[in-house]
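Participant: Sequence:
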Amino acid sequence: MKSIVPPILVLAALAASLQAESPTQGSSQPEPLRSARPALLDALDAVPEAKHLARWHDLLSSEPHLAGSEGDRWVIDHLAEAMDAMGLEVEVHRFWAYLSLPVSARLTIVDQPSAGDPLDGLVAERPVPVDLAVAEPPLIEDPDTEKQTEPVAWNAYAASGDVTAPVVYANYGTKADFERLAELEVPTAGAIVLARYGGNFRGFKAKYAEAAGAAGLVMFSDPGDSGFARGLPWPEGGWGNRHQIQHGSILTLPWAGDPLTPFEEASEKAERRDPATLALPKIPVQPVGWEAALEILRRMRGSVVPPEWQGGLPLTYRLGGGPLRLRLQVEQRRQLVETANVLGTLRGSEKPDQKVIMGSHHDAWSFGAGDPNAGSIVVLETARAFAQAARQGHRPRRSVVFAHWGAEEFGIIGSTEWVEGNRRDLAANAVAYINLDGAAMGTRLGVSASPVLQGPAIDAATDLPHPRSEGSMLAAWQGGSETPPFGNLGGGSDHVAFYCHLGIPSIGISGRGSPGSAYHSAYETLAWYRQVVGDDYNSARMLSRLVSRLAANLADSRVLPYDPAAYAVEARRHLSALADLPGAEPARWQPLVESLDAFAPCAEAFSRRLERAAEGGEFAGREVIDDLLLRLERAWLAPEGLPERPWFRNLFAATDPTSGYAAWMLPALRRAIEASDGPAQSEATEQLRRTFDKLHAVIDQGLQLLPPEATAEAAP
1 MKSIVPPILV LAALAASLQA ESPTQGSSQP EPLRSARPAL LDALDAVPEA KHLARWHDLL
61 SSEPHLAGSE GDRWVIDHLA EAMDAMGLEV EVHRFWAYLS LPVSARLTIV DQPSAGDPLD
121 GLVAERPVPV DLAVAEPPLI EDPDTEKQTE PVAWNAYAAS GDVTAPVVYA NYGTKADFER
181 LAELEVPTAG AIVLARYGGN FRGFKAKYAE AAGAAGLVMF SDPGDSGFAR GLPWPEGGWG
241 NRHQIQHGSI LTLPWAGDPL TPFEEASEKA ERRDPATLAL PKIPVQPVGW EAALEILRRM
301 RGSVVPPEWQ GGLPLTYRLG GGPLRLRLQV EQRRQLVETA NVLGTLRGSE KPDQKVIMGS
361 HHDAWSFGAG DPNAGSIVVL ETARAFAQAA RQGHRPRRSV VFAHWGAEEF GIIGSTEWVE
421 GNRRDLAANA VAYINLDGAA MGTRLGVSAS PVLQGPAIDA ATDLPHPRSE GSMLAAWQGG
481 SETPPFGNLG GGSDHVAFYC HLGIPSIGIS GRGSPGSAYH SAYETLAWYR QVVGDDYNSA
541 RMLSRLVSRL AANLADSRVL PYDPAAYAVE ARRHLSALAD LPGAEPARWQ PLVESLDAFA
601 PCAEAFSRRL ERAAEGGEFA GREVIDDLLL RLERAWLAPE GLPERPWFRN LFAATDPTSG
661 YAAWMLPALR RAIEASDGPA QSEATEQLRR TFDKLHAVID QGLQLLPPEA TAEAAP
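Read the sequence shown against the working numbering and you will find it ends at 716, with the numbers running on by one and no gaps.
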């Protein structure tokens, strides 16, 4: 790796700007009950600046920084220095994770149809063997790409191996795709499977290929999904060029975090499982660019694929390769690697133990200007805003933690280890987790959230201007609908341990819409980001203002702005969706529906009376209600965890165990439906019924503490 020169001028300029602010006393203004004090909001709103966001981006994205590498250590040190310069309390939380690192790889065409094959005339005259590219060459137009440090593109945790076999095309390599191959009687046993990225987490492509008896797997980014079919490729445009390769982990264990220490922090001396006992990948897996995939696909002579399996390359995709044979050689090493999370805390003025946490990971497959640092810069700029506001006398009541997680790319490791190591404190005191992984990639707002955080997200977006339209962020987000769309939190990022393991209300916020993708490639550089997403940093400024306001409302409100009534609305929506699945038996769900019907009016009355109380100011019982709300979402936790997945404990949401990225809502019930298991559906709905009864009891306690409404209301 080339030597890294610390951008001292960047840190010095940032520190100087921080010190230049002189503390002032906050003015006396009315203090709202369910949102932040106006003076704090005004102070935060004044801070996000494009020049600072660009400096943060320079700090984090100028060099490759794979977890555990020299670049990673450099980033950790400078994140700690930057947040220390702001005046935050800095923690460097070190952990030791079982990672997989590349040694070498080679992909070769060793047999092919004869050059005189009359089928399509596309076979090149190159004699076999033909070596295919397994690395991304540097680009003259982007000098940073000369700094790439890894010898090959790779998929972490692939097995080392040397296999020669025929080739089978499996579309996206989903569970359904492999089932279709079986229906079509396409033999996958002993074959090297070729699959395009998309449709599911790449690790499940490997899992299903292995289960189908494949000898190996080759994955590529199809230009129909993210290349020239979408627009001009990089460096002329923003889309994937012929060399671009998506790196990434293929870990699919039934827990997040370090593979060897589920439920426990991966400290240096932690008790670890034997890797031989785990379901780690057992076949070699290699990612390539679409140019390499073209060389394979153009030589295939099997049956034509189903129409929906046709990709974007200018040829007919085929299921089998005929006489075509590939040799795949992969060598990786698996070992314990030290890396760290970096956290900066602004201590709250009244309830310092309670905390709002926001974060993005800091490790990247290469430069990471998009993933993760388009989110990391938002975390840093928001931290700068809160630190400056505090020096001006506007400190929130609760603490705010600004987190940069390590080794996320390998399996959501750093955040999980911190959560597992701080389980008791977080279960008692964590107000919310805000995830910003690779967030600022455009100005089209997207939000996935726990039900109780939907209202606070809407409130935060209501009065903030949108950078590319005349109205507010909320208006642009709604797009003409009565309410904005919310996604469901599934897998794939650092909210998983907070939400799915500990039941902490979580929200993922992003801006999308930029014309291109360099996802997980060596071309995800500052030059790519500034040309494609924009050097004006409008996306990052928009998100910095939004998450500053959201975090402030959560951290500074006298009563948490959760809306318990949202549980009823969202649960009914998810039950309706589940009822449409094959195998569903809604008649078995009646006890749950009755409990939900009893809870809904109670929760609505609570929300209505709490809003009325907020209009009137202080009232007796406020502190108790705030404490009840803090513990509300923990009612969803099943101590024994989900069936076959005990690490996942949240009965409201979990990752989809067949795709990795998507969400399973009401996951115990969803699992029973997928298995067409009627008794298990009854058991799952009974568990959910008891959950709503617990929620109902908590809300009843709160109602006893709220001032009665002026008009008579129906008893809930």
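Read the hints as simulated data drawn from the structure, not as lab findings. Each hint should be verified, as a subset may be incorrect.
SDA-like mimics (lysine to any residue), calculated; alpha carbons at most 20 Å apart, straight line [stated by the list, open to error]:
#1 282 <-> 32
#2 351 <-> 32
#3 175 <-> 252
#4 175 <-> 515
With beta-carbon atoms standing in for the labels, derived distance ranges [as the list claims (entries may be wrong)]:
#5 425 <-> 661: 22 to 32 Å
#6 611 <-> 182: 50 to 60 Å
#7 264 <-> 582: 32 to 42 Å
For every residue, glycine included, the Cβ atom is placed at its ideal position computed from N, Cα and C.
Participant: All hints are to be evaluated individually against the structure, with a verdict given for each.
Facilitator: We went through each hint and held it up to the structure:
Between residue 282 and residue 32, the direct Cα distance comes to roughly 57 Å. Violation of the 20 Å bound is thereby established for this hinted pair. Taken as a hint, the residue 351 and residue 32 pair is honoured in the structure, with Cα atoms around 17 Å apart against an allowance of 20 Å. About 14 Å separates the Cα atoms of residue 175 and residue 252, which keeps this hinted pair within 20 Å; it holds. Of the pairs offered as hints, the one joining residue 175 and residue 515 is violated, with about 30 Å between alpha carbons and a cut-off of 20 Å exceeded.
At roughly 29 Å, the beta-carbon separation of residue 425 and residue 661 lies within the given 22 to 32 Å, and the hint holds. Look at residue 611 against residue 182: about 56 Å separates their beta carbons, and that is inside 50 to 60 Å. Hint check: residue 264 to residue 582, Cβ distance near 39 Å, so the stated range 32 to 42 Å holds.
Of the numbered hints listed earlier, those contradicted by the structure are 1 and 4.
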